[in-house]
Each structure stands twice: as C-alpha cells, then as structure tokens.
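Take these sequences, add in the hints, and give me the full structure.
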Amino acid sequence: MRILAAGLLAAMLGRGAILPETIGPHQRAAVSQPDLADRAVWNEYGLQASESAEYENGASRFTAAAYQLRDSTGAMAAFDWQRPANSTASPAASQAVETSDGLLLAHGSYLLSFKGYKPTAADIDGLTAALKNVDTTSLPALPGFLPLTGLVPNSERYVTGPAAMQRFDPGIPPSVAAFHLGTEGVLATFRGPKGDMTLAIFNFPTPQIAMQKIAEFEKLPGAVAKRSGPLVAVTLNPPDADAAERLLGEVHYQAAVTRDERVTTRKDNIGDLIVNAFELIGILLVFSAVSGLAVGGFRSAFRRFRKTPEPESVITLHLK
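Mapping of the sequence shown onto this note's numbering: residues 501 to 820, in sequence order.
Bear in mind the hints are in silico, worked out from the structure with no lab data behind them. Heads up, some of the hints might be wrong.
Stated by the list, open to error - Simulated DEER-style distance windows between Cβ atoms: (1) Pro707 <-> Gly616: 26 to 32 Å; (2) Ala585 <-> Arg561: 21 to 27 Å; (3) Ala559 <-> Pro584: 21 to 27 Å; (4) Gly644 <-> Asp535: 19 to 25 Å; (5) Thr628 <-> Ala537: 51 to 57 Å; (6) Asp625 <-> Leu780: 52 to 58 Å; (7) Leu648 <-> Met711: 24 to 30 Å; (8) Gly792 <-> Ile770: 30 to 36 Å.
The beta carbon of each residue, even a glycine, is placed where N, CA and C say it ideally should be.
Here's what the structure looks like:
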C-alpha cells in the first residue's frame with residue numbers, strides 16, 4: 501500500500517510538470533503520458549520527461565505534447581524524426597514545421613507538438629519562457645554537409661547510437677559506425693533519375709579514425725563510400741552508380757581553424773610606448789609655456805592699466 505500510495509503521489513506531482521495551465525485562451529484539461537513508440541530511440545536521444553495534455557476553450561480543443569531531451573542535439577534529432585513527411589517550414593522558430601492543423605518545433609532541449617491548433621508567436625513565447633532547464637548549446641554542424649541536390653524534404657535523420665542506426669538504416673552495422681568512439685551520423689533520402697537512394701554521413705573524432713573506418717564501410721554489400729577529413733559518406737545499393745558518385749562528390753569537409761592565443765597590438769611595442777611618452781612630454785612643455793606667457797601677459801597688462809599700485813605678491817623683509 502505504501503508503494504502504491506507513493507506511486508500515486510509521484511504521478512500527481514508529475515501532472516502538469518512541463519506544460520502550463522493555459523496556452524493563449526485555452527485552459528489545460530486532462531494530462532497524460534504520450535505514446536512513445538521506439539522507446540530505445542527516445543532513450544538514445546536522451547529523453548528525460550514527456551507530457552501530453554488536452555486544452556479547451558469552449559468548443560475549441562487541441563492536444564499539446566512536450567518532450568524534454570538531454571540536450572539540444574537530442575531535441576534536434578527528435579525533431580527530424582517526428583516531423584510529418586508532408587509538413588512545411590514554419591516561421592514560428594528556427595526548427596519548426598507545420599501541417600494543415602498542427603505545429604512541431606524544437607526549442608533548446610525541448611520538442612513541442614501541437615495537434616488541432618497552431619499557437620501564435622505570443623503563445624509560443626509564453627510557453628517557452630516557462631520551460632525549465634533549457635539547454636541552449638550550439639547544434640552540431642554535421643547536417644550542413646548534406647548535399648542539397650535531390651534532397652527529399654523532411655527525410656533527414658540524425659543518428660547518435662545503435663538504436664537509431666537500426667531504425668533508420670539497418671544495412672549499416674553499428675560496429676562499423678563505431679558509436680562508442682563518439683561518432684554521430686546524419687541520413688537523408690535523395691532522388692535520382694533511376695530511383696531514390698539513402699546517403700549516410702558519419703563524423704568521426706579524427707581524420708585518422710575515418711581513414712581506418714572507410715575500409716570497413718567499403719566491405720559492406722553494395723556500398724559506395726567516400727572520405728573527406730573526419731567524414732565518411734556512404735550509400736548502399738544505389739540504383740544508379742553514376743548518380744551515387746555525383747552525390748558523394750558533393751560531400752566536402754572544410755576545416756575551420758581558430759586560435760585562442762593572445763594577439764599582440766601596438767600597445768605591446770616598447771618603441772611605441774617611448775615615442776608616446778616623449779609626445780606627452782612635448783605636449784606638457786608646450787602647455788606650460790603657453791600658460792606661463794598667458795599669465796605673465798595678463799599681469800603685465802593689469803599693472804599697466806591699474807591706477808592703484810598692485811600689492812606685493814611676495815613678502816620681503818627689507819633688511820638693508
């Protein structure tokens with residue numbers, strides 16, 4: 501009984517832990533847990549909490565769902581996975597798509613879904629401002645290496661481990677991708693003149709590891725692979741070998757080198773420091789001379805035009 505009571509208490513405390521009481525003019529009604537298919541993939545993306553709720557405003561009703569992931573990369577991966585194939589880009593957020601009756605967006609480490617209602621910008625601002633522990637780290641650059649020619653919209657998938665690899669491209673063994681090294685990958689479908697093909701790009705920790713792993717990719721049945729820096733791009737059993745070669749040819753890794761060492765400036769040059777010191781001395785000498793001449797000229801003119809004698813400015817003892 502104590503265990504049951506503790507479970508009920510935890511469930512009651514957990515209700516409404518993510519979604520707010522109101523979204524725009526709509527009031528929250530029933531709260532539940534969303535149905536999580538492929539839970540292994542959710543766990544791999546770092547799912548920490550999820551919640552679904554019904555919202556009502558008279559006859560108007562809609563369903564909202566929130567998923568809290570470990571970081572912004574997990575939210576981006578879940579966003580790519582959950583967006584409908586027929587959705588279009590939405591101005592609601594940098595990662596947002598909409599359908600005729602819904603909206604899906606990623607905000608930091610959260611994935612937010614709305615069905616039956618498209619919240620306004622004010623609704624979204626109010627909702628995202630109430631979210632707790634939002635991770636705002638930069639998103640990985642790997643999706644930017646996908647070619648744009650022939651890319652099927654909404655076909656991108658981000659892979660961080662074996663479960664997602666098995667779910668989205670089971671032809672590539674997780675051992676070849678070597679996720680234990682911190683490898684991440686991105687997949688997408690591309691249209692060719694003879695049929696569609698799936699291209700996978702994996703980002704390995706170093707170019708040396710990529711050089712070692714490409715040999716394993718090339719041993720896969722029907723694989724056509726290419727390495728560029730730490731990236732390995734591969735497509736399996738393409739319907740058109742020439743189209744596959746052209747597609748792989750568009751994958752290029754461009755290294756960006758940054759240096760965090762201190763950059764010297766003119767202030768660090770001792771010669772400039774000495775020159776500046778003499779310039780300051782010269783300015784002070786000129787100022788002193790001009791000031792002295794001005795004061796002397798003023799006193800001389802004052803004595804010339806003053807009718808009463810000017811009192812002695814210096815005390816003298818007259819010791820004659």
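Original post:
Lying within 26 to 32 Å: is that true of the beta-carbon distance Pro707 to Gly616?
Top reply: Once the Cβ atoms are compared, 49 Å apart, the range 26 to 32 Å for Gly616 and Pro707 is violated.
**OP:** Determine whether the Cβ-Cβ distance between Gly644 and Asp535 falls within the hinted range of 19 to 25 Å.
**Re:** With Cβ atoms ~33 Å apart, the hint is violated.
**OP:** With 30 to 36 Å as the target window, see if Gly792 and Ile770 comply at their CB atoms.
**Re:** 33 Å, holds
Subject >> CB-CB spacing for Leu780 and Asp625 relative to the 52 to 58 Å hint >> reply: 54 Å, holds
**OP:** Using the beta carbons of Ala585 and Arg561, state whether their distance is inside 21 to 27 Å or not.
**Re:** 25 Å, holds
**OP:** Look at the Cβ atoms of Ala559 and Pro584 and judge whether their distance stays inside 21 to 27 Å.
**Re:** 25 Å, holds
Subject >> Distance restraint hint 24 to 30 Å, applied to the beta-carbon atoms of Leu648 and Met711 >> reply: With a Cβ separation near 27 Å, Leu648 and Met711 satisfy 24 to 30 Å, so the hint holds.
**OP:** Return holds or violated for the Cβ distance of Thr628 and Ala537 against the range 51 to 57 Å.
**Re:** Given range 51 to 57 Å: violated, Cβ gap about 26 Å.
Going through the hint list in order, the structure does not satisfy hints 1, 4 and 5.
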